[in-house]
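Chains D and S, in that order, are what the protein sequence lines are. My numbering numbers the first residue of the first sequence as 1 and each following residue consecutively. My numbering numbers the first residue of the second sequence as 1 and each following residue consecutively.
Since the hints were made in silico from the structure, they are not lab data. Take the hints with a grain of salt, since some may be wrong.
Since the list gives no way to pick one copy over another, a pair counts as held whenever it fits inside one copy or between any two copies.
[What the hints assert, rightly or not] Only pairs whose alpha carbons sit at most 30 Å apart, straight line, appear in this in silico DSBU-like list of lysine-lysine: (1) Lys135 / Lys6; (2) Lys60 / Lys11; (3) Lys11 / Lys106; (4) Lys11 / Lys183.
Number of protein chains: 2
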Amino acid sequence: MNLEEKALSTKQIFQGRLIDLNVETVSLPNEETATREVVHHPNASGVIAVNDEKKMLLVKQWREPIKQVTLEIPAGLIDPTDATPLEAMKRELNEEGGYSAAYWEKVTEFYSSAGFCDEKLYLFYCDTLTKLENKRPLDDDEFLTRAWYSLDELQQLLSQGKIVDAKTILAITMWSNMLLQGKQHE
Amino acid sequence: MNLEEKALSTKQIFQGRLIDLNVETVSLPNEETATREVVHHPNASGVIAVNDEKKMLLVKQWREPIKQVTLEIPAGLIDPTDATPLEAMKRELNEEGGYSAAYWEKVTEFYSSAGFCDEKLYLFYCDTLTKLENKRPLDDDEFLTRAWYSLDELQQLLSQGKIVDAKTILAITMWSNMLLQGKQHE
Numbered sequence: 001m002n003l004e005e006k007a008l009s010t011k012q013i014f015q016g017r018l019i020d021l022n023v024e025t026v027s028l029p030n031e032e033t034a035t036r037e038v039v040h041h042p043n044a045s046g047v048i049a050v051n052d053e054k055k056m057l058l059v060k061q062w063r064e065p066i067k068q069v070t071l072e073i074p075a076g077l078i079d080p081t082d083a084t085p086l087e088a089m090k091r092e093l094n095e096e097g098g099y100s101a102a103y104w105e106k107v108t109e110f111y112s113s114a115g116f117c118d119e120k121l122y123l124f125y126c127d128t129l130t131k132l133e134n135k136r137p138l139d140d141d142e143f144l145t146r147a148w149y150s151l152d153e154l155q156q157l158l159s160q161g162k163i164v165d166a167k168t169i170l171a172i173t174m175w176s177n178m179l180l181q182g183k184q185h186e
Numbered sequence: 001m002n003l004e005e006k007a008l009s010t011k012q013i014f015q016g017r018l019i020d021l022n023v024e025t026v027s028l029p030n031e032e033t034a035t036r037e038v039v040h041h042p043n044a045s046g047v048i049a050v051n052d053e054k055k056m057l058l059v060k061q062w063r064e065p066i067k068q069v070t071l072e073i074p075a076g077l078i079d080p081t082d083a084t085p086l087e088a089m090k091r092e093l094n095e096e097g098g099y100s101a102a103y104w105e106k107v108t109e110f111y112s113s114a115g116f117c118d119e120k121l122y123l124f125y126c127d128t129l130t131k132l133e134n135k136r137p138l139d140d141d142e143f144l145t146r147a148w149y150s151l152d153e154l155q156q157l158l159s160q161g162k163i164v165d166a167k168t169i170l171a172i173t174m175w176s177n178m179l180l181q182g183k184q185h186e
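Input sequences plus hints: build the corresponding full structure.
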């Protein structure tokens, strides 16, 4: 069965600092037409950063769309100046975490919400961390604090509903899986 | 450290069929101001639906924002007429899958991309499925096909980069975890 939709026309609604919004008119597989509201969002990188005590780094920050402070893995937008998603992640781990890491691996990549948005996120794992004497500054409008949690603590926070961010729940579940399968880097 | 931002004003940019877009001016913890682009999106439900052969149901559909056919767990928006996220999921499993299920549990809930959007997704697990003789119709602009995959097949698809949807990767990882920990319903 052919499932493809074909864009017939695109109307630009908004060009913002972070996102752009278009409304597309598409032709459906049955030749009818429909509209699709499409948000364009930069790609991002996030990381499962584990220290020598087997604790994962999370950051607390205010998220205005849901009007609450969240606990999330360090993550950030991939800037045009970042050569690769990994380079972006190393920069963000410096800025948000204040750490560098000697061991890195790519875990997975995915679209956050493909029904309406093209944001892609690259998820990494790193360990063998070194605290930086001179970390890079955060963005001017960015405020956050850091905390470290063991897998047991993370699973307790999850069961209490205190972690609500999709990529962070995926990161914890993947890390748990790596440990259950004995796949973690030593 | 106080991380909270306070909305000073909100400008409505767009009210669509699916999403609304506002630009908020907020005061930051340091008393400076910044703008936040905020997408309002209905909440949704998704399901890990497992049949008696221990295969998970996925649906294939076109996703215009990323211009490709994706493999995703059955999922859908929670309508105003749905009493609960679970009721919405039972309706979607009927519409998209053509099945009902005798056993249900809630797995987790999360915000898809809290940095710019308020979409919340409720993830369920179900099994003990019955194929429906008279399934509900899909929405007029919805076209999809169904397929069943074992965990081994899903992990192969993941490693080949053929599953790119965040909630589906989380669903597979959670199901793998349930099986590794011997927690699956029998």
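Checked hints:
no.	hint	in the structure
1	Lys135 / Lys6	between (47 Å within a copy, 28 Å between copies)
2	Lys60 / Lys11	between (37 Å within a copy, 27 Å between copies)
3	Lys11 / Lys106	neither (37 Å within a copy, 39 Å between copies)
4	Lys11 / Lys183	neither (48 Å within a copy, 49 Å between copies)
Hint violations for this structure: numbers 3 and 4, all remaining hints satisfied.
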